[in-house]
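Going line by line, the protein sequences match chains W and R.
Each residue of the first sequence is one higher than the one before, counting from 1 in my numbering.
Each residue of the second sequence is one higher than the one before, counting from 1 in my numbering.
Just so you know, not all the hints are guaranteed correct.
Said to hold, decoys possible - Computed Cβ-Cβ distance ranges for the label pairs, DEER-style:
hint	chain 1	residue 1	chain 2	residue 2	range
1	W	N12	R	G63	35 to 43 Å
2	W	N55	R	D26	14 to 22 Å
3	W	S80	R	E107	27 to 35 Å
4	W	S80	R	P61	24 to 32 Å
Hints are computed from structural coordinates only; laboratory data are not their basis.
Every residue, glycine too, gets a C-beta built ideally from N, C-alpha and C.
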Amino acid sequence: AQSVAQPEDQVNVAEGNPLTVKCTYSVSGNPYLFWYVQYPNRGLQFLLKYITGDNLVKGSYGFEAEFNKSQTSFHLKKPSALVSDSALYFCAVRDQEGGSYIPTFGRGTSLIVHP
Amino acid sequence: NAGVTQTPKFQVLKTGQSMTLQCAQDMNHEYMSWYRQDPGMGLRLIHYSVGAGITDQGEVPNGYNVSRSTTEDFPLRLLSAAPSQTSVYFCASSYYPEGTGELFFGEGSRLTVL
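One chain only, chain W, in its complex shape (with noise of 0.2 Å):
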C-alpha cells in the first residue's frame, strides 16, 4: 500500500524568505515521487519528480526538493519566495513495487506568501 501525508494544511511565509512544504510518504518498495501546484480556478501543474538517481531534485520556478529515503520525506523547497507562489501544492507517490499506475495524493498546502 501506497500514502503521503501533508502534514501542514497551511504554510505562511514572508516574501524573499525561504520556504519549505513538507511531504512524507509510505510505500512497500522504492518511490516515484512527485510536486504540483495548482492556482486558484485552475488545473494542477507538474513541478518536479524524483524518480531515481540524485536526492536533490530542480524543477519549474526555482523550486527544489529533496529525497530523504531514511526520513522517508520529499519536502518542497526555495530559497526566496514570491508573493506569486501563492497557490495550492500537492504531493503524489507512485510505489514501483506492485505496478500500480495510480498515484496517491496528499491533501494538499496551502502556502500563502506575504508581501
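Given the coordinates of chain W, assemble chain R onto it according to the supplied hints.
What follows is chain R alone, placed relative to chain W:
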C-alpha cells in the same frame, strides 16, 4: 499543443439529471483518469483507464460511468446527478504507463447539482 481539454467548464444540473463531462488529450497518453476535488478532501480518484477499451474503478466510483473507445477521449458520465456530486472535476493523463511520468491535468469542470 492543446494538452488535456475538458468541457464544459461550468455546469448546473438538477437532481436526477444526467450529463457527460468530456475529456480529450492530444499527447497519445495511454493512462487517463478522473478526479474530483472537494474542500478539505484533496483529490479523489473516480475512474481510470490504462488504454482504449480498458477502464477500472478508483476510490469513489459510485454514480459515475466511464468508457474509453479511443486513446484520445475519456468521458465521465453522471447517471443521475445528486447534490453530493457537486464538485470540481479534473481529468488527467500520463505518458509513461510504468509510473514514472507526471500527470497532465485539464483546467477542471465545476459542477453544481441543485
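Unsatisfied constraints (hint numbers, rising): 2 and 4
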